[in-house]
Amino acid sequence: MSAPTPEQNEAAQWWATDVSHIEPGSIELRGRPVQNLIGDVGLVDMIWLLLRADLPSPRQSALLEAALVAGVDHGPQAPSIAAARMAATCGVGLNSAIATGVNMLGDVHGGAGQQCVQMLEEIRALHLDGDDWDTAASEVMALWQARSRYLPGFGHRFHPVDPRRDPLLRLTEEAVTAGVVAGDHLQAALAVERALQQRRAGARPVPMNIDGATAVIYAELGFPAPLARGLFVLSRSVGILAHAWEETGQGRRNKGPIPRSVLPARLTSAEPLSVEESAS
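30 is the number of the first residue of the sequence shown in my numbering; add one for each residue after it.
Mixed in with the good hints there might be a few duds.
Pair by pair, the computed Cβ-Cβ distance ranges are [to be verified]:
hint, residue 1, residue 2, range
1, Leu123, Leu292, 28 to 34 Å
2, Asn132, Thr164, 38 to 44 Å
3, Thr206, Asn124, 23 to 29 Å
4, Pro293, Ser86, 48 to 54 Å
FYI, nobody ran anything at the bench for these hints, they're computed from the structure.
Note that beta-carbon positions come from the ideal geometry of N, C-alpha and C, so glycine has one too.
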């Protein structure tokens with residue numbers, strides 16, 4: 030084989046990456062031959078390897094897997110799922126139906142985990158500077174709620190208590206006891222819950238939701254805030270695929286957001302959207 034030309038070397042450097050290296054007869058992922066990974070490394074460990082360039086410990090892997098499992102689906106009323114189901118009836122194929130759902134995961138639907146990690150990091154920073162957890166949480170909460178009345182990762186418009194919270198936090202607490210994670214982000218999140226409980230004494234509680242509980246895990250495992258959203262996208266893609274596939278077997282065409290027998294009401298200027306409606 031002839032030596033590469035300067036142009037070929039330039040192109041190779043343009044696309045140089047530490048994630049993977051491909052040559053004829055060779056595929057390396059983070060420097061590891063793929064044939065050594067197949068059958069020995071699970072999907073969760075592979076996600077960790079590609080993002081972090083090493084393999085997790087069994088306890089780290091189990092904690093990450095729990096977070097990924099918890100976020101796979103939240104029913105057809107979730108915009109990402111509903112959009113994927115509608116797309117699947119339009120003849121676009123599963124790949125486009127999945128992409129439609131994934132593209133719904135924005136700052137309001139799907140982005141709260143990333144935002145919650147950022148908030149927990151700010152609380153942790155104040156704690157490391159000398160504040161106790163409750164004081165640090167109150168100060169950061171005030172800053173966040175000066176911008177929005179919603180605190181990312183807390184409260185749920187459907188569940189009084191998100192059923193995914195307790196098992197995820199229990200596993201995190203066990204990981205702290207075992208020395209797998211430090212527990213700072215868990216303490217920050219629990220401090221936010223305490224502050225909300227005291228502030229809303231006698232009212233409906235605002236406990237951690239799935240975004241908050243998974244944010245705790247992702248942060249404890251050392252994933253930067255943007256990856257909290259990326260990992261949620263991976264998780265929710267499983268549910269999106271399942272719903273899109275089921276919809277393809279229903280025989281419906283051009284499924285809309287409401288049954289055809291229901292006509293949308295006329296919205297006049299005398300009927301403004303509430304804050305919750307406009308944000309949902």
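Given the hint of 48 to 54 Å, is the C-beta distance from Pro293 to Ser86 inside that range or not? holds, 53 Å
Check the following: the C-beta atoms of Thr206 and Asn124 are separated by a distance inside 23 to 29 Å. Hint violated: Cβ distance 43 Å, outside 23 to 29 Å.
For the hint 38 to 44 Å, verify it against the beta carbon of Asn132 and that of Thr164. holds, 40 Å
Given a hint of 28 to 34 Å, does the C-beta separation of Leu123 and Leu292 actually sit inside it? For Leu292 against Leu123, whose Cβ atoms are near 31 Å apart, the range 28 to 34 Å holds.
Violated hints amount to a single one, hint 3; each of the other numbered hints is respected by the structure.
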